[in-house]
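Fit chain D to the known structure of chain V by using the hints.
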Amino acid sequence: MGVFSTIIIFVAAYLLQTTFAGYIAIFGIKPDLILAALICFGAFHGKEKGALMAVVMGIVVDLLFGKIFGVNTLMYLYIVVAASVIFEYLFEHNVLTVGTVTFVLSLAGGVIYSLILVLSGQSFGLLFIVKMVAPYALYTAVAAAVIHPVLARIYRRYEIA
Amino acid sequence: MWNFIKKKFIPILIVFSVAIFVAMGISGATKENGKASLPSDAIGIVLSPVQGAFSWVIGNFVGIGEYVYDMSTSVEENKILKNQIIQLEKMARDREEYKNENDRLRSLLDFKEKEQNYPTIGAEVIAKEPGNWFQIFTINRGTMDGLEQGCAVLDSQGLIGYIFDIGTTWAKVATIIDMDTNVGALLTKTGEQVVVEGDMELSREGLCKMVYIPKNANIMIGDPVETSGLGGVYPKGLFIGRIKEINTQQGDLYKEVVVEPAADFQRIREVLVI
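Chains as they are written, first to last, in my numbering: chain V, 1 to 161; chain D, 1 to 274.
Keep in mind the hints are simulated off the structure, nothing from the lab. The reader is advised that the hints may include incorrect statements.
As the list claims (entries may be wrong) - With a straight-line Cα cutoff of 27 Å, these simulated DSSO-like cross-link-like pairs (lysine-lysine) come out:
#  : chain 1 : residue 1 : chain 2 : residue 2
1  : D       : Lys7      : V       : Lys49
2  : D       : Lys244    : D       : Lys79
3  : D       : Lys99     : D       : Lys236
4  : D       : Lys82     : D       : Lys244
5  : V       : Lys131    : D       : Lys244
6  : V       : Lys49     : D       : Lys6
7  : D       : Lys99     : D       : Lys189
8  : D       : Lys255    : D       : Lys189
9  : V       : Lys67     : D       : Lys35
10 : D       : Lys255    : V       : Lys131
11 : D       : Lys236    : D       : Lys255
12 : D       : Lys189    : D       : Lys215
13 : D       : Lys255    : D       : Lys215
14 : D       : Lys90     : D       : Lys189
15 : V       : Lys67     : V       : Lys131
16 : D       : Lys90     : D       : Lys244
17 : D       : Lys236    : D       : Lys35
18 : V       : Lys49     : D       : Lys8
Quick caveat, the model's predicted, so the values are computed rather than measured.
Chain V extracted, bound-state conformation (with noise of 0.2 Å):
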């Protein structure tokens, strides 16, 4: 799997995310750098890799900043089996197929976290989740297209994937 480049390329995601991303926010919304990361990395690796490296990823994140452990992990861990699911259907993967996949996929978890904040006792309409969420997955996605190709060229020179 290339393990050094593994460690070096979830490390980079992980710090990026926690330091850099509140920087690029957008009417203070930030995209998700690990998921984009997790999904690109699912797509060259396959379902099994890439669930591996959102559980580890997931429980970081919810370790360090999880307010109930659990929550990043399944979210991580769901969408990244679903996308690289679906990668392996198409046959192959994209720039505009890891956009579109991880915009769709990141916009149901963003959708199905908020309804479980909802549950929790959050009070936030309809309406907010949508100007919230649809930004973030796009942003996301947007992300994951310009992983994508860096990871591309890494797996080519290396020849790692």
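Chain D alone, transformed into the frame defined by chain V:
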């Protein structure tokens, strides 16, 4: 190993999901003490120096960009600031007069002012919550530096939040704009007790709301709000911000008030912990 995982992927996924749901339930039930779990603390100890260094590099990189931008707008800003200095000098003179008058009146009433010097520890922000839902960040100080859960966090502008989870070398701070945060506050002008709380929608703009304001309350836009000291988390008298918006709907018993915190939550880098 991989062959086994590939063959039994769906059952493994189901078992793992159930395990995480159980962990979620346990975590939700035992989260009250505010002390980080052992794995959480261990990862935090390893990652916090790396995050600190990375955050420093990113902060300086962004700082250079901001400096270049600031230079291009500095002439106009200079004019505005000079005008503000004149106004502030006048306000300082007025304040001095009020202070003298206040001292005289206090001594007449034989009223001893309580000293409000709290010990503080400086800390740096090393990471911010990766998602968009919660307004949380991590600082590079923990129990090793004498901090504990519930300590108030502020910057030079005003109140920022409180420590809700703490490890050996790091602490997680929930800001006052986070949707789960409530602050006992009072209106400096009228002395009325209120509650300032985070709101998911307002937090996008760095704002929060003030609740339980009676419809007939005498409040105006621009009124200052400070901590009341009630609730035991925040000491009394910490500046929170100013009233930005007052909405009164017909039929409602209370006013909806939006508060603009003094702290700029997008650009917090250094904080003080009380």
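So, going through the hints one by one against the coordinates:
Between lysine 7/D and lysine 49/V, the direct Cα distance comes to roughly 13 Å. Compliance with the 27 Å bound is thereby established for this hinted pair. The straight-line distance between the Cα atoms of lysine 244/D and lysine 79/D is roughly 26 Å, inside the 27 Å bound, and the hint therefore holds. With a CA separation close to 20 Å, the supplied pair lysine 99/D and lysine 236/D stays within the 27 Å bound. A C-alpha spacing of about 25 Å is found between lysine 82/D and lysine 244/D, which places the hinted pair at or below 27 Å, so the restraint holds.
Under the criterion of a C-alpha separation no larger than 27 Å, the hint pairing lysine 131/V with lysine 244/D is consistent with the structure, at around 22 Å. The suggested pairing of lysine 49/V with lysine 6/D holds, with an alpha-carbon distance near 10 Å, which does not exceed 27 Å. Distance hint between lysine 99/D and lysine 189/D is fulfilled; the C-alpha atoms sit about 16 Å from each other, no more than 27 Å. Distance restraint check for lysine 255/D and lysine 189/D: the Cα-Cα separation of roughly 17 Å lies within the 27 Å cut-off, and the hinted pair is therefore satisfied.
Taking the CA atoms of lysine 67/V and lysine 35/D, the gap is near 12 Å; set against the 27 Å cutoff, the hint holds. With a C-alpha separation of about 25 Å, the suggested pairing of lysine 255/D with lysine 131/V holds against the 27 Å cut-off. The straight-line distance between the Cα atoms of lysine 236/D and lysine 255/D is roughly 24 Å, inside the 27 Å bound, and the hint therefore holds. The suggested pairing of lysine 189/D with lysine 215/D holds, with an alpha-carbon distance near 17 Å, which does not exceed 27 Å.
This hinted pair checks out: lysine 255/D and lysine 215/D have alpha carbons roughly 5 Å apart, not beyond 27 Å. At roughly 21 Å between alpha-carbon atoms, lysine 90/D and lysine 189/D fall within 27 Å of each other, so this suggested pair holds. Among the hinted pairs, lysine 67/V with lysine 131/V is consistent with the structure: their alpha-carbon atoms are about 23 Å apart, no more than 27 Å. Taking the CA atoms of lysine 90/D and lysine 244/D, the gap is near 25 Å; set against the 27 Å cutoff, the hint holds.
Of the pairs offered as hints, the one joining lysine 236/D and lysine 35/D holds, with about 25 Å between alpha carbons and a cut-off of 27 Å not exceeded. This hinted pair checks out: lysine 49/V and lysine 8/D have alpha carbons roughly 14 Å apart, not beyond 27 Å.
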